[in-house]
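Visitor: Sequence:
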Amino acid sequence: MKIGYIGLGAMGGSLARHLLNSHELMVCDLNERAVADFVGMGATAASTGGELARACDIVMLCLPRTSNVREAIFSSGGLQDGITAGKLVVDQTSGVPQETAEIASRLEKLGVLMLDAPVSGGIPAAQSGTVSIIASGPDAAWEMAAPVLNAMSSKVFRCSDRIGDGQALKLVNNAMGACYRMVVLELAALGLKAGLSLGEITERLNAGDGANFTTKKMLVAKLEGKASTDFSLALMVKDLNEALELGLQTKSPMHITFAARNIMQVGLNTLGGGARLEDVFRIIGSLAGVDFDRADADSDVAAMPEKDRSSVLASIESAVDACNHIATFECAAMGIKYGLMTKPMNEVLNSGSAWSLASERVLGSISHGKPYRAGKTIEGMLEALRNVARLSAKYGVPAIVSNAVLATFESASNEFGHQSDIGVMVSGFERAKGQGLRLESGSPK
1 MKIGYIGLGA
11 MGGSLARHLL
21 NSHELMVCDL
31 NERAVADFVG
41 MGATAASTGG
51 ELARACDIVM
61 LCLPRTSNVR
71 EAIFSSGGLQ
81 DGITAGKLVV
91 DQTSGVPQET
101 AEIASRLEKL
111 GVLMLDAPVS
121 GGIPAAQSGT
131 VSIIASGPDA
141 AWEMAAPVLN
151 AMSSKVFRCS
161 DRIGDGQALK
171 LVNNAMGACY
181 RMVVLELAAL
191 GLKAGLSLGE
201 ITERLNAGDG
211 ANFTTKKMLV
221 AKLEGKASTD
231 FSLALMVKDL
241 NEALELGLQT
251 KSPMHITFAA
261 RNIMQVGLNT
271 LGGGARLEDV
281 FRIIGSLAGV
291 DFDRADADSD
301 VAAMPEKDRS
311 SVLASIESAV
321 DACNHIATFE
331 CAAMGIKYGL
341 MTKPMNEVLN
351 SGSAWSLASE
361 RVLGSISHGK
371 PYRAGKTIEG
381 MLEALRNVAR
391 LSAKYGVPAI
401 VSNAVLATFE
411 SASNEFGHQS
421 DIGVMVSGFE
431 RAKGQGLRLE
441 SGSPK
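The opening residue of the sequence shown carries number 1 in my numbering; numbering runs sequentially from there.
Keep in mind the hints are simulated off the structure, nothing from the lab. Predicted model only: the values in this text are computed from it and were never measured.
In silico DSS-like links for lysine-lysine, alpha-carbon gap of 25 angstroms or less: (1) Lys376 / Lys216; (2) Lys343 / Lys370; (3) Lys238 / Lys217; (4) Lys394 / Lys307; (5) Lys251 / Lys238; (6) Lys226 / Lys216; (7) Lys251 / Lys343; (8) Lys2 / Lys109.
Between beta-carbon pairs, the in silico distance windows are: (9) Asp139 / Ser311: 49 to 59 angstroms; (10) Pro147 / Leu235: 22 to 32 angstroms; (11) Lys109 / Leu235: 28 to 38 angstroms; (12) Arg373 / Ala85: 49 to 59 angstroms; (13) Ala55 / Arg294: 52 to 62 angstroms; (14) Ser76 / Gln98: 23 to 33 angstroms; (15) Asp230 / Met41: 16 to 26 angstroms; (16) Thr48 / Gly111: 19 to 29 angstroms.
Every residue, glycine too, gets a C-beta built ideally from N, C-alpha and C.
Please work from the sequences and hints to get the whole structure.
Guide: Following this line, the structure appears as structure tokens:
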């Protein structure tokens, strides 16, 4: 079986490399150097999408936007010039679910199958063959694509037989991960401003209930003097805008996701289109008045009495844990209202950048139809969030995401009572989203 791949950027190129030893591979990209590199490794080159489509059984694309995919397929010289009935198109773009479904409908009229299979986990995971591939589409497309996807990664998931669900779940994933990233960095900045070291903040978060993908990967990499990702900030903002559009279409309140997106938009406007996701350190640092690259230098932090260190660390940990919970409630509820199934959501979201201890516990419960109980009271979380709010005012740090979480918990306290388990807050999201989070909504075929 001959595979064609269009889009040899950082992600597409990393994915396509895994096919060189297992399949006959033809490539096409506007970047002639990228194509030449693949030819040097044994692939053949196509000058147009039509040429590639004529020669290949399966055509895969990994492009910046769904509009690019549509152009690559249906423009003059595109796939439509060479593709024939019985062939398969696999879209690995982080795209717009509804638009991808429309593309699939047009291809279906030509007798061409389609599967969407975006990825989550970053470039290093794609290079190592451990990136999460989130596929959705009809049985015939899945059966044809599965061996190829399994050659790319050891973590391949099929979330449904409905085209676009893979992309929708990827949007849920990116929204949750962005919420984690922003609250961790703004509260780490608060800790630094108060006199803690980045090392002790990272150690406390990773050892406790505040642990999430950002604390495990991004903070650890920063301590090691490394970048945790080379992803474009503009593309992350694009993904968040698409996730929020999904929220608007499903009439789902997305308070925390909007807050995270707004901070990243400020950073993109300030740093320009070439900014990377790793630059959120600079964005948060600038807003807070700290330098993460010199975080532990004595000249950059104020002295803190030893007796206060444990209290501040505990408040930061609980505040991050609270945000992890609200991000999970908010984003998972939106996904369920869109029609995503809870078991695949649990598997996919907890395998990559949307992972946190909170999401592991929340989604683990609801995917089995069980009410979620955290063993933590609303008042306990409020105490930490209020303390963080006071510290942010004292040290001049804008705790944008955590203060949005604080407002959510204040509302929950008024509605459910301050001694209620935070798990009761799920019912508030159920009513707001019009969907029961506690119910399993099915299983993929």
